Amino acid sequence: MGQIEALNESRRQFRNPLDGPILALSSRFGSRSKEVERFLKFAVVGAIGAVIDSGTLFVLQATILPPTLQEPIDINVALAQTIAFVAAILSNFTWNRLWTYPDSRSRSVRRQMGQFALISLVGWVGRTLWITFAHQPLGNILMPLLLPYIQLVRPGYMPTDVGAAKLGTMIAWVVGVAVVMVWNFLANRYWTYNDVD
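Positions 1 to 197 (the numbering used here) are the ones given, in order, by the sequence shown.
Just so you know, the hints here were simulated from the structure itself, not pulled from any lab data. Hints may be right or wrong, so weigh each one.
[As the list claims (entries may be wrong)] Now the in silico label distances, taken between C-beta atoms and shown as ranges: (1) 141 - 79: 22 to 28 Å; (2) 146 - 44: 47 to 53 Å; (3) 197 - 147: 47 to 53 Å.
The model shown is predicted, which means the values in this text are computed figures rather than measured ones. Beta carbons are placed, not taken as given, at the ideal position from N, Cα and C, and that holds for glycine.
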């Protein structure tokens with residue numbers, strides 16, 4: 001391999017401190033080790049995206065887009081979770097292209113981003129519908145159950161309808177993230193990044 005090819009290869013492969021443990025764990029899976037490695041990297045990228053997503057959602061609901069308790073659709077909840085989702089997807093696409101699938105280069109970045117965005121759009125629609133319609137019922141059911149734990153952190157906290165809606169939003173978000181992560185991994189692996197072995 002010439003110097004130019006070696007340089008191009010090093011540019012394609014982003015390295016980080018998690019590579020060692022991920023490779024050690026995935027190597028235990030024999031012929032499926034590369035796929036397990038990709039899934040673990042995808043999960044790490046997803047976890048970073050989840051922090052971006054939940055942090056953005058939390059900040060937006062605490063500041064400029066609090067729940068309004070409007071029925072049947074609380075537009076602030078839908079808008080806040082959409083902004084958070086887009087921020088996470090941008091991060092996820094970048095890190096998946098650089099780290100999870102560095103060997104997927106038979107398509108242009110523009111085409112892969114379009115495919116990734118389409119898959120993400122399907123996940124966003126499902127997640128938005130779920131969170132928008134489930135946040136209030138979940139908050140109303142779970143607030144009385146979780147109130148003693150909330151009061152451990154915030155003594156004297158008295159629940160409000162808006163507080164229950166915020167709690168319900170975050171609980172619905174957790175469920176939505178889990179479902180969308182599985183959808184995104186499978187759809188992206190077999191469509192966006194199907195050019196890797």
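Going down the list of hints, with the structure as the test:
1. 141 - 79: 22 to 28 Å: Between residue 141 and residue 79, where Cβ atoms are some 24 Å apart, the hint holds.
2. 146 - 44: 47 to 53 Å: Because 29 Å falls outside the window, the suggested range is violated.
3. 197 - 147: 47 to 53 Å: 52 Å, holds
Hint 2 from the list above is the single one not met by this structure.
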